[in-house]
Amino acid sequence: SQLAEENLWALSVHEGESVTVNCSYKTSITALQWYRQKSGEGPAQLILIRSNEREKRNGRLRATLDTSSQSSSLSITATRCEDTAVYFCATYSNNRIFFGDGTQLVVKP
Amino acid sequence: GGIITQTPKFLIGQEGQKLTLKCQQNFNHDTMYWYRQDSGKGLRLIYYSITENDLQKGDLSEGYDASREKKSSFSLTVTSAQKNEMAVFLCASSIGGGNYAEQFFGPGTRLTVL
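As you go down the protein sequences, you meet chains A and B in turn. So for the first sequence, the working numbering puts the first residue at 1; every next one is plus one. So for the second sequence, the working numbering puts the first residue at 1; every next one is plus one.
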């Protein structure tokens, strides 16, 4: 079974709009990371949020973590076409990292 | 900054063939990883290595061997390619193997087995 999973397979927005990707996980974690993978590239870390943190920001990105509901969200404001990518959440548990299947985000001009 | 190089970028093999994928990093990172990514899926850990000559099995190690020849390089061998297998193999490295270590990924090797 998936230890981390994003809640939607795909999302589509227009440039300039905001969008939120959600993730749920099944075990106790020490940290959760959000990664972005553009077509033909490897994933790149966007934000790491520790289990004692509720929110983390990085430019236009904002991640939240709710350990009581075992869920996290990644919000992107003022989206750009270059934000088109697959977004993964990844959880750390017992010194191992587990990736969800990802949400494909398409930002249209 | 640094870079992770994976060779080859594309690999086509025959059923039953032994295939080797190579990864080099110049971050001077201690820990290196091999992941498999199937189409539309997340990453699954095959092997990782926390230092030169160390090997640790991941969730998907069956059917694969790995070798950490030196700190900067980590190779993965598909011991017997399966017909119609298609996947991307991603190499990554991190400073340590701890819970908060950011992993840096290479661009991947795309495997097709005929």
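What the hints contain is simulated information worked out from the structure, not anything from laboratory work. A virtual CB, placed ideally from N, CA and C, is assigned to each residue, including glycine. Check the hints yourself; a few may be wrong.
As the list claims (entries may be wrong) - Quick list of in silico lysine-lysine cross-link-like pairs, DSS-like style, CA-CA up to 27 Å:
id, chain 1, residue 1, chain 2, residue 2
1, A, Lys26, B, Lys57
2, A, Lys56, B, Lys41
3, B, Lys57, B, Lys71
4, B, Lys57, A, Lys56
5, B, Lys71, A, Lys26
Unchecked claim - Some but not every residue of chain A turned toward chain B, in silico, with C-beta under 7 Å:
id, residue
6, Gly16
7, Glu17
8, Asp83
9, Phe99
10, Pro109
As the list claims (entries may be wrong) - According to the in silico footprint, chain B covers these stretches of chain A (three or more CB under 8 Å from chain B):
id, segment
11, 31-41
12, 65-76
13, 100-108
> Honestly, which of those hints from before does the structure not fit?
Replying inline: Going through the list in order, the structure violates hints 4, 5, 6, 7, 8, 10 and 12 and respects the others.
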